[in-house]
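Protein chains in written order, with this note's numbering: chain A, 123 to 602; chain B, 123 to 602; chain C, 123 to 602; chain D, 123 to 602.
For the record, the hints were derived by calculation from the structure and aren't laboratory data. Heads up, a few of these hints could be off.
Chain copies aren't distinguished; within one or between two, either way the pair holds.
[Said to hold, decoys possible] Restricting the straight-line Cα-Cα distance to at most 16 Å, the calculated cross-link-like pairs of lysine to aspartate or glutamate (EDC-like) are:
1) 124 x 261
2) 369 x 381
3) 369 x 171
4) 534 x 283
5) 369 x 160
6) 534 x 276
7) 534 x 288
8) 369 x 519
9) 446 x 572
Protein chains: 4
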Amino acid sequence: MKTADEYRATLRDGRVVYYEGQRVPDVTAHPVLRIAVDHAALDYEMAADSRYRSLAIVPHPDGGEMSRYFAFPHTSDDLLRRMELIETSTRLGGTIVPLLKEIGTDALFALHLVAHEVDRARGTRYLDRIRTFYAYCRDRDLAMAVAQTDVKGDRSAGPSDQTHPDYYLRIVEERSDGIVVRGAKVHTSVSMNANELIVLPTRALGDRDRAYAVAFAIPIATRGLTLVVSPYGGHAVSPLEHPLSSKHRMTETLTVFDDVFVPRDRVFLQGESEQAGPLARTFVEFHRFTAVSYKLPLVDLFVGAAQLIAEYNGIERAGHVRDKITWLVAYARTLRALTRMAALDCYQGAFEIAVPDPATVNIAKLHFATQFHQAVAYLQEIAGGLLVTAPGQADWEQPATRPLLERYLGGKGVDAEARMRLLHLISDVTTSHLGGYHAVLAIHAEGSIEAEKLTIYRTAPMDRYVALARELAGIGSPGG
Amino acid sequence: MKTADEYRATLRDGRVVYYEGQRVPDVTAHPVLRIAVDHAALDYEMAADSRYRSLAIVPHPDGGEMSRYFAFPHTSDDLLRRMELIETSTRLGGTIVPLLKEIGTDALFALHLVAHEVDRARGTRYLDRIRTFYAYCRDRDLAMAVAQTDVKGDRSAGPSDQTHPDYYLRIVEERSDGIVVRGAKVHTSVSMNANELIVLPTRALGDRDRAYAVAFAIPIATRGLTLVVSPYGGHAVSPLEHPLSSKHRMTETLTVFDDVFVPRDRVFLQGESEQAGPLARTFVEFHRFTAVSYKLPLVDLFVGAAQLIAEYNGIERAGHVRDKITWLVAYARTLRALTRMAALDCYQGAFEIAVPDPATVNIAKLHFATQFHQAVAYLQEIAGGLLVTAPGQADWEQPATRPLLERYLGGKGVDAEARMRLLHLISDVTTSHLGGYHAVLAIHAEGSIEAEKLTIYRTAPMDRYVALARELAGIGSPGG
Amino acid sequence: MKTADEYRATLRDGRVVYYEGQRVPDVTAHPVLRIAVDHAALDYEMAADSRYRSLAIVPHPDGGEMSRYFAFPHTSDDLLRRMELIETSTRLGGTIVPLLKEIGTDALFALHLVAHEVDRARGTRYLDRIRTFYAYCRDRDLAMAVAQTDVKGDRSAGPSDQTHPDYYLRIVEERSDGIVVRGAKVHTSVSMNANELIVLPTRALGDRDRAYAVAFAIPIATRGLTLVVSPYGGHAVSPLEHPLSSKHRMTETLTVFDDVFVPRDRVFLQGESEQAGPLARTFVEFHRFTAVSYKLPLVDLFVGAAQLIAEYNGIERAGHVRDKITWLVAYARTLRALTRMAALDCYQGAFEIAVPDPATVNIAKLHFATQFHQAVAYLQEIAGGLLVTAPGQADWEQPATRPLLERYLGGKGVDAEARMRLLHLISDVTTSHLGGYHAVLAIHAEGSIEAEKLTIYRTAPMDRYVALARELAGIGSPGG
Amino acid sequence: MKTADEYRATLRDGRVVYYEGQRVPDVTAHPVLRIAVDHAALDYEMAADSRYRSLAIVPHPDGGEMSRYFAFPHTSDDLLRRMELIETSTRLGGTIVPLLKEIGTDALFALHLVAHEVDRARGTRYLDRIRTFYAYCRDRDLAMAVAQTDVKGDRSAGPSDQTHPDYYLRIVEERSDGIVVRGAKVHTSVSMNANELIVLPTRALGDRDRAYAVAFAIPIATRGLTLVVSPYGGHAVSPLEHPLSSKHRMTETLTVFDDVFVPRDRVFLQGESEQAGPLARTFVEFHRFTAVSYKLPLVDLFVGAAQLIAEYNGIERAGHVRDKITWLVAYARTLRALTRMAALDCYQGAFEIAVPDPATVNIAKLHFATQFHQAVAYLQEIAGGLLVTAPGQADWEQPATRPLLERYLGGKGVDAEARMRLLHLISDVTTSHLGGYHAVLAIHAEGSIEAEKLTIYRTAPMDRYVALARELAGIGSPGG
């Protein structure tokens with residue numbers, strides 16, 4: 123098991139990272155990027171913290187210990203513990219998931235299941251490679267990012283029909299010792315501060331798209347790999363005004379593969395186009411369970427912040443305020459209930475891997491996603507206009523203005539400082555760049571709203587529903 | 123255990139029932155009311171049916187058998203089986219719950235719990251009476267109705283502040299051998315065809331309202347008790363046009379107590395006004411679990427009917443139709459997931475009675491209630507205007523018109539008859555009196571939407587939410 | 123101008139009408155159908171009533187008078203007066219539009235506009251025929267129905283691709299003196315009690331569908347025309363329980379054309395398949411303005427009934443009740459504002475006909491349609507469960523039960539009778555067959571929700587919106 | 123009429139402004155605040171621009187010219203022109219209203235109306251003072267801010283019941299030549315760069331609150347007046363990443379009155395506590411019309427940006443995308459229709475001032491406010507995750523990364539630059555601080571959602587609605 127500092131040391135490896143137009147020689151030393159590094163290091167800190175050890179660490183099958191993330195879930199309880207670990211680290215991370223191992227192990231679980239199928243259908247030997255890679259990551263306690271979403275160009279066209287062939291990542295050369303890939307992925311979270319990059323296809327592919335059917339893993343410092351970190355939200359520096367985003371960040375990159383060589387034993391899919399869809403889907407199903415788990419602290423915070431600021435503002439007994447808080451409670455608790463039910467209703471796939479019930483996971487995610495903006499609206503409504511008009515940290519520290527703030531910005535039974543802190547917290551999480559980040563992630567991360575709907579439709583027990591309608595209508599069954 | 127016919131025989135007991143302005147001498151022989159009797163008899167038929175025996179019957183503690191409804195739930199599994207029994211009987215009942223024992227045992231469970239508290243606090247001996255009454259009902263396999271909602275007059279005023287004193291049921295005389303009560307209850311389901319009537323207070327009461335704090339049980343044929351059955355929906359007679367409501371009904375009565383004497387051993391609350399609220403609430407919490415259980419066939423039917431009529435109409439592949447069906451799937455499955463979770467998250471009260479988690483039950487009920495009308499709208503939208511413009515059964519049977527209907531009302535790969543049957547089913551369940559009944563029940567039955575919200579607010583772990591907000595805002599705890 | 127009795131006399135003409143499986147020899151004498159006849163006769167009664175004359179009647183261009191419906195609207199004010207006439211007659215009609223001339227003149231206006239185009243493009247002489255037919259109807263003060271919606275079979279296929287060729291009405295023979303048509307229409311309102319039936323195509327057609335491109339008008343008593351009246355809602359007879367639907371009805375028919383001959387001068391489209399779409403659309407645009415006009419009394423009633431029953435129940439000051447009534451007010455007033463704005467923003471088509479702004483009409487209609495079920499839910503919530511559990515008229519008239527009702531069903535400052543009347547009114551309009559009728563009409567009548575959306579999308583000034591986005595993004599125009 | 127530079131010069135007057143903890147000697151020279159100054163100067167620039175002169179300028183009653191804002195509206199057309207002017211300047215201001223005269227004249231109109239009432243009721247002479255002040259502002263073409271919202275402390279308590287007496291602005295001394303006031307206002311827009319500050323009460327007051335019933339106007343540079351500008355959103359500097367907020371800003375201040383002396387002829391209310399409510403309300407009614415007018419470019423932008431980015435992403439034909447764009451169109455057009463209707467339905471108050479119909483204004487505002495977050499969600503959904511993960515301006519300018527961006531971030535028929543510009547525009551307006559600002563303003567600016575609901579309820583023609591319900595229910599009127 124690594125310490126947080128050992129983890130930081132692994133990031134000084136010559137990786138090609140650009141931020142705000144500058145090549146970054148050491149991401150752990152960069153004033154903005156280090157915030158994301160330190161945030162992610164939470165994962166290692168929890169493992170070393172006696173309060174969280176039993177949650178974060180499990181016995182290694184060969185003796186010793188390993189991060190719980192690497193443990194294959196076999197039961198509902200395993201999934202519930204994984205959910206609890208993700209929730210706890212996200213709470214410590216100020217509503218932002220660390221994600222150093224969550225997404226990577228989601229991918230590894232999916233790769234195991236799909237490789238098993240591919241090998242069976244095609245006679246390939248991918249499973250062995252994946253097992254080796256999995257053990258490598260596990261035993262070195264590595265941080266993993268996953269690059270899935272291609273840049274896509276015209277989304278109404280498939281990979282082979284784009285105006286240029288690199289709008290989806292593809293194999294440009296097949297060699298005896300490996301493959302060479304070219305293209306770019308977007309929205310790649312934590313790639314800047316991970317050790318390994320796992321690359322997966324983003325969609326189902328047709329026969330003509332064989333070159334695009336590719337999955338593999340490479341170290342971040344691999345030659346030809348360039349990470350352009352999004353500057354979004356990089357300005358948050360005031361602990362008072364941005365209590366969460368000044369301390370916690372996740373970064374995304376445009377991840378460019380400029381004829382990157384991938385050695386043979388790190389290639390997990392190479393041209394089996396019919397497997398691209400299953401791999402993409404299987405990963406996403408695991409990953410959406412991660413998603414709904416890490417959303418829990420955010421929605422719980424919405425309830426608590428709404429209740430507390432209502433009290434500070436003296437409106438906690440107003441009927442419409444109660445009504446909105448009740449709505450937030452139902453919103454949060456429904457998400458939690460559905461997430462737990464997805465674990466309780468898991469099924470066992472190959473290798474006795476417990477897969478959270480896809481229908482329930484997607485219903486949970488859709489519930490979260492489609493009502494998130496309304497939740498934001500209610501919280502903002504209860505908090506008041508000071509979210510965007512309040513004085514800030516420098517005003518608080520300035521001797522001429524601080525007495526004015528202290529005198530005038532108190533609330534019901536609360537001094538100005540606590541009220542300002544709470545207002546800025548709500549502002550950070552709903553009206554700042556972090557707020558925008560949460561809002562867009564609600565809609566787009568881990569698959570779009572429409573993708574969730576599609577899964578819900580596909581996994582519905584439609585035969586049972588239709589049989590009930592037939593029975594009550596007195597219509598015989600089609601074949602009967 | 124009774125047979126269905128034995129049950130029917132018990133209803134010929136001189137009870138005072140009015141329907142459509144006529145005194146009904148024998149409810150089992152009345153052309154409309156017998157539909158409700160036959161529907162409710164499902165409960166007894168299931169017990170005698172080998173397909174449902176194991177679900178409907180459990181061993182009696184003293185040997186022999188008894189209806190599962192009388193079994194105290196002690197575990198999540200007990201609650202899940204009770205849920206399954208309610209769901210199954212409602213499915214067989216064409217979306218209408220039989221309710222002969224469901225609501226009565228909800229009341230009995232609540233009476234056990236509250237009597238235990240009252241006896242402890244007040245030194246009374248109610249629990250013994252309830253146990254005796256419970257055994258009486260169980261061992262005779264009796265059907266029970268529950269009268270709770272008072273007529274209320276001006277709802278903004280309490281019982282003692284009404285313009286006349288009988289707007290809430292009250293004790294008008296306390297005698298050594300019992301009490302005399304006067305007043306009226308509304309919305310009393312299945313009273314017309316039950317054996318016993320359990321009477322509960324409808325709300326929390328104050329000190330001045332002692333006379334209104336009363337609970338008891340009496341046989342339906344008790345002198346002074348008059349039942350005025352609502353005529354609502356009594357016209358449905360065509361099996362084609364009203365496939366459900368022509369065969370299945372539940373009736374409600376205005377239930378008038380004209381100085382009814384209740385013997386002492388049947389009195390379960392007599393003036394302990396501080397217990398009226400707890401009793402009303404405890405009953406409702408059990409009963410809302412019954413409610414969400416019996417809603418399941420209805421929402422499942424909505425999905426199945428929407429999918430099947432979409433196929434019949436040839437629009438099942440249209441994007442907006444898929445979207446609406448997906449919405450219905452998520453609506454139905456969320457209700458089921460929350461209902462099951464309420465059972466899984468039960469807590470144990472006195473006598474090791476498993477109480478479904480009140481927060482989750484109410485969230486489930488609110489989810490159902492607040493989106494039901496939208497579900498109706500989507501189903502109606504997919505089905506089409508024929509719901510209210512189609513020819514009917516007589517047109518189908520008339521030789522001159524039947525060929526026209528057969529020729530012109532077919533759909534995609536389906537003949538006119540099946541399509542008409544399905545359309546009439548949807549019409550019955552959404553646009554007929556049954557449709558109106560379901561809609562109003564969604565909002566009002568087993569407690570109003572606002573009551574559900576209140577429970578959700580009250581049961582929220584607000585301390586935990588607020589602590590999270592404080593932690594992330596960097597605000598110390600109030601006492602710290 | 124006809125009197126109501128003269129109108130009734132015109133209906134005794136041998137028309138072939140079936141109701142509940144029986145051939146009806148005289149629709150004005152039938153116990154159920156006469157309700158619809160009497161309801162529609164409102165149109166003639168208003169013209170004879172001094173309170174409504176100035177609204178209902180305008181000068182005939184050749185001297186004398188005529189119904190305002192026949193007057194071509196040339197200005198916003200003309201449209202507003204037409205709107206007022208429709209609203210007023212629907213209010214007198216207990217929320218049900220009479221529709222004897224509304225829909226027919228909508229069709230006549232559209233036929234004028236489209237015939238003008240067809241004649242110009244094709245050299246045909248349809249306009250003359252339409253003018254003649256228009257004058258014929260106007261000068262005889264005739265009642266007109268419009269048959270538009272075909273039975274359609276598989277809605278995913280066009281007319282020529284159905285499993286049998288008559289799923290859309292078509293020309294089966296072209297003769298020198300006219301045409302012979304076969305097929306069936308559904309949802310044909312007021313055909314049972316109109317004088318003339320105007321037939322229009324229901325959708326855009328392709329070249330292969332020439333036989334289906336047909337429009338014409340025939341008297342109802344034409345040989346080969348059979349009307350099968352829907353039995354939906356025919357049971358409402360109690361003035362107390364169904365205060366509206368016992369007195370007011372509109373009927374719809376399955377309208378079958380069994381090789382009906384249409385004389386040449388009554389044919390308004392014959393094979394010009396490219397004009398079927400424009401004709402269908404132009405009619406619907408006029409007709410949706412009629413629709414939003416006649417919805418106004420219904421939504422206003424919802425507000426008034428909600429407020430009054432809230433007062434009767436004593437809950438009119440509760441915060442959540444106010445909130446729901448406010449929602450209903452905004453719902454109703456937005457519909458009215460948009461309807462008026464559609465008139466104010468009209469454009470002038472050929473013959474200086476004022477066409478209500480299609481975008482605003484459709485936005486108004488969509489606003490009404492997509493929130494109607496929510497409006498129902500709020501009204502039902504405020505009214506309470508008695509909507510479906512209250513005693514009825516016979517109970518009120520029975521000496522044994524009436525005192526019970528009087529004693530127990532009063533409200534805050536109101537006696538039982540007024541409260542019962544109001545509750546039954548709300549029940550009639552939301553939970554009875556009339557309620558179901560209004561609900562389905564909200565979604566399907568005058569074009570579906572999806573059709574309204576399509577029009578809104580098509581009529582959007584997208585260039586202006588996109589130019590604004592380009593301007594603010596600093597992106598040059600495509601051609602610039 | 124002033125030029126923009128003359129306006130800037132007026133701001134160098136010694137005003138006490140703090141920003142980010144620093145006293146700002148010259149707001150026109152400050153790197154952040156000057157953005158807000160330049161933005162507001164748009165008002166003066168339009169008056170000097172031949173394209174906008176006829177809109178921005180009207181004849182002065184005494185000859186010469188004046189800003190249209192100062193013109194009293196007397197007709198619907200006057201209101202429509204005012205609306206057009208506000209909309210146009212906001213469009214030029216990148217969705218941010220300049221507000222230099224809009225809000226001030228809203229206050230002046232209201233002051234005229236209320237002073238008229240006060241003088242009549244109390245025999246005071248406020249109207250003369252207001253006329254003098256109005257002419258002073260108009261003839262010097264001054265910029266005016268309005269301070270209304272008090273800091274309020276415990277919002278459940280009135281001014282006199284707060285824990286300290288200054289939580290609402292109050293008169294601490296009445297002198298023969300004027301008054302001395304103490305307290306603080308929040309959310310004061312454009313005060314930093316206005317000339318005059320008009321101060322109004324924020325709520326209805328009781329008898330005990332006489333000292334809080336105060337209205338007046340003072341120059342910004344008045345002794346004792348301190349402005350603490352909110353730092354919210356001050357970091358936006360990249361024209362690419364923040365195309366609107368880097369160029370356009372409005373600032374709000376905590377506005378502190380530290381025993382400020384107001385000369386007698388600038389006092390417009392002094393202790394007439396019963397008039398505080400009417401004045402607050404009258405101002406807000408005018409101001410909400412300004413509000414809905416300036417929201418129009420924002421909602422129009424949402425439509426245009428959604429359509430254009432859908433095209434760039436190649437998803438403009440997807441059914442669900444069309445559906446969401448249609449929703450946005452209806453959202454935007456309904457707002458515009460209601461806003462215009464409020465002008466068309468104006469009534470004439472004293473001095474023939476045309477007051478926009480309060481009901482319609484508030485319905486328009488509520489429509490905008492309650493659906494704004496959903497509009498944001500749809501726009502974000504169509505745009506995609508790049509809103510928060512895209513590279514930025516520096517990456518675009520860096521030679522090493524620009525080719526990567528150009529290669530990979532193009533869309534359907536569009537190059538990377540245009541697509542990036544559009545994505546950043548959408549990001550700016552929905553996920554940046556400007557996005558948060560718009561969201562919170564939607565809910566809170568110009569009065570809260572609950573205040574709008576209250577006005578809608580109060581202005582409803584409830585008698586007419588209830589009379590309709592009575593008529594259709596057959597219930598006599600109360601007094602009849």
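Can you tell me if residue 534 and residue 276 fall within 16 Å by alpha carbon in one copy, between copies, both or neither? Close across copies (4 Å), not inside one copy (54 Å); limit 16 Å.
I want to check one pair: residue 534 and residue 288. Are their C-alpha atoms no more than 16 Å apart within a copy, between two copies, both, or neither? Cα proximity of residue 534 and residue 288: across copies only (14 Å, versus 60 Å in one copy).
If the cut is 16 Å between Cα atoms, do residue 534 and residue 283 qualify within a copy, between copies, both or neither? between (63 Å within a copy, 11 Å between copies)
How would you classify residue 446 and residue 572 at a CA-CA limit of 16 Å: within, between, both, or neither? This pair counts as between: shortest inter-copy Cα distance 12 Å, intra-copy 27 Å.
16 Å Cα threshold - placement of residue 261 relative to residue 124: within (10 Å within a copy, 67 Å between copies)
If the cut is 16 Å between Cα atoms, do residue 369 and residue 171 qualify within a copy, between copies, both or neither? Cα proximity of residue 369 and residue 171: none, with 19 Å in one copy and 48 Å across.
Alpha-carbon proximity between residue 369 and residue 381, which holds within one copy, between copies, both or neither at 16 Å: neither (36 Å within a copy, 41 Å between copies)
For the identical chains here, do residue 369 and residue 519 meet the 16 Å Cα criterion within one copy, between copies, both, or neither? neither (20 Å within a copy, 28 Å between copies)
If the cut is 16 Å between Cα atoms, do residue 369 and residue 160 qualify within a copy, between copies, both or neither? Within. Shortest intra-copy distance 8 Å satisfies the 16 Å Cα cut-off; inter-copy 34 Å does not.
Hints 2, 3, 8, counting from the list given before, are not met by this structure.
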